[in-house]
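For the protein sequence lines, the chains are A and W, in the order given.
The numbering of the first sequence is the numbering used here, which starts it at 575 and goes up by one.
The numbering of the second sequence is the numbering used here, which starts it at 63 and goes up by one.
Honestly, the hints are just simulated from the structure, not real lab data.
Hints may be right or wrong, so weigh each one.
Here's a subset of chain W near chain A, in silico, CB distances under 8 Å, partners left out [stated by the list, open to error]: (1) P101; (2) G114; (3) L116; (4) S140; (5) F168.
Just so it is clear, CB atoms sit at the ideal spot from N, CA and C, and this is done for glycine as well.
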Amino acid sequence: MSWADRLWMSIRHIRGRLVESILVISATAIGVALVAAMFAFIRSYDRQTDYLLSHPAYREITVEVVGNETEITEAAVRFDASVSRAISLGTADLARARASVAAVDHGYLADAERFVVGSPLTAANRTAIASQWGAIGGTGGIAGGGATGARGQGSGAADGQARADGEFGFTVPRGTEGGTGTATMDPEQMRAQFEALLGTGDDDAAVVSELPVDGFSGYRVTGEFFAAYGLRAAEGTVFTNEDIEAGNQAIVLGHDLARTLFPNSTAIGSRIRLGIQTFTVVGVLAPTGVRSIETGTSFNRLGFVPNAAAQVQFAGRAISFQRPTRTLRFAIDDSSRLDAAVQQLILFFDSEYGPGTTRVTASLNALTSERQKLSRILAVVLFLAAAALFIASINLFNLMLMRVIKRTRGIGISRAIGASRREIFRQFINESACMSLTGAAIGLLLAPIAYGLLRTSLIADVGAVDLMNWLYFVIGAALALAVSVLFGVYPARQAGRVDASLAIRSE
Amino acid sequence: MITLEGIAKTYDLGSSTVTALRGIDLTIDRGEFLTVMGPSGSGKSTLLHILGILDSADEGRYLLEDNDLTTLSDAELSRIRNEHFGFVFQSFNLFNEFSALENVMFPLMYAGVRGSERRDRARALLVDVGLEHRMGHYPNMMSGGEQQRVAIARALANNPSLILADEPTGNLPSDKGEEILQILEGLNRDGVTIVMVTHDDRLGARGSRCVRLRDGVVESDTRRAA
Ligand SMILES: Nc1ncnc2c1ncn2[C@@H]1O[C@H](COP(=O)(O)OP(=O)(O)OP(=O)(O)O)[C@@H](O)[C@H]1O
Ligand SMILES: [Mg+2]
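Work out the full structure: start from the sequences and follow the hints.
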């Protein structure tokens, strides 16, 4: 008897008992879907956490000021006469921490930003800003997201007042703590000064005036960032802390970004205008596999500028446009020293700023404990999925056993007309496998839905990891199918063992 | 054709045992029309099942064309049943979920006959038993006589040399039973050996030889002069 004949018989028998067959097939489909989805999900979760654990951002220990966000933001722009260290963390704090804490290998700032290409001063907003400034009369500081014409993005930028629409703008602090300098100046004179200060960039002959993009993403970083993220320059050089201190307005471009901005010529040495600042390209990075955790954007497409106060001369005094950095970042090359490093940092910052002023967080520890917690949940869900499959398989088992009993006489007849025990076994295993297979096929179609539900309810998306992995669905479904088929073996063996003579006599 | 030597069969019922056959010696020659008679419980069906190797004896030897069958595997015995034997039962024993045509196709399927040939041969067999108008009918849509004719067509599918019939007319009115008997007699004339169990003395007398069983032994064995 051929395989096709057996299939034909199976279909006839399944059709003959359609309702019960459909129920069992549905149960199998659900069991297979859950198992396959769990299989794929656990795999993708592992891949995601493996990715995260290997990501430089997860080797970071962050130090933040605990406190009122508004307060910090308002201190963002400081006349240098009034630097008040306690409110906001900055490069100076970083340097001192690096000097005192031996366990860390790198210390840096890294705040995500979107850089807007070109001068912020269109004719329209130039007038608006100038008149706003003039009306206020020039007391106080200048704060906010417009400092470089950039706007923060992602968790790295603690820019509370950044304009969401990306337009250039200034906001004047509500309080006066930020500006203790009392600049008394004629509004008209001030407007003129201000326009002179912002400029358009057009006057600078070296600035590349036409760039093929409106803007790009990147980070404001300090020197040690590059080493911590394993980024090195393929052309030119990355900037160092010394360069930043010297006030160099340098920019380092990711490999792809450099190609996009300067498709025909070398990027090194070019000057580009980003908001009110003009940067000189000092380096182009070698291609890297690092991606942004939040957006999945390759670092090859990012730009990196110094994380420092933008120093400009205004009304005879230096104004620093300092973004409100709230997070200092430290990294270690060997994660086994993580706990020691965290302890030392806590000790340092508590003694420097007083207990409770700063919060030290190791993302790695947070992720590791989250992973442990989620692993337990996943184990339970996997158990439930397996239970669903098990129950479905038991149903199939019962159904097939019932069919063997109901068809005992038919088995006897088949044996009389020439079916061997083996043939009978095959017929029944074929029939149960047909139902398992149909269930598994439907289950495989349902699996992505179950998978999607698990994903949205259990883990946050990491853009950098391509989570959908069909292979694991298929492997999961195949395993489930194997289980289901296995449950058909016993009834089929019972069928093969039927005593033909007895079966025929039974009336 | 078939030689039985000292065949005995005992059923174990746990607490007690039932001896269905006790030392049967029987030789069946090619072309015979053997009827088996005897009171209920005398072992007729048991003997028929052993002859058809649906069941095996506890003692004794079974020689088919001088070959001892006791050493053969289940697959080999199944092939012999499929190709050389044909069964007809009192209660027809058709597959109710399959049509008349499909029922006849089953032995051909087990024999590995290909699809189209299988169908053609099954059709021809149903025509032979006068059921050309019932091919697609299911057993429960047919009369007893029609069902038994389907069963005979199925038994004949692989041109068997031996037909084993266990009271084939037992569930039929006498006129329909007569039709069945005539079909069997026709087959016998064409050279098919027939062993038929019957209660009916008139039918028992129709064969070329009549074996009477009583309590699992051969009580009498009479041949009718041709
Ligand atoms: N599977 C079995 N288990 C126990 N006893 C059995 C079994 N099959 C048959 N017997 C017994 O064996 C004896 C012979 O049975 P068998 O069916 O061969 O008789 P029979 O001559 O065909 O009777 P009937 O004319 O009623 O069909 C009977 O006593 C019967 O009860
Ligand atoms: Mg009987």
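Do the hints match the structure? See the list:
Evaluation of the W:P101 hint against chain A yields a violated restraint, the C-beta minimum of about 17 Å exceeding 8 Å. At about 7 Å, the closest approach between the beta carbon of W:G114 and any beta carbon in chain A falls short of 8 Å, and the interface hint on this residue holds. Interface hint status for W:L116: upheld, as the beta-carbon distance to the closest one in chain A is roughly 5 Å, under 8 Å. Among the interface hints, the one on W:S140 holds; its C-beta lies about 4 Å from the nearest C-beta in chain A, closer than the 8 Å criterion.
Interface hint status for W:F168: upheld, as the beta-carbon distance to the closest one in chain A is roughly 6 Å, under 8 Å.
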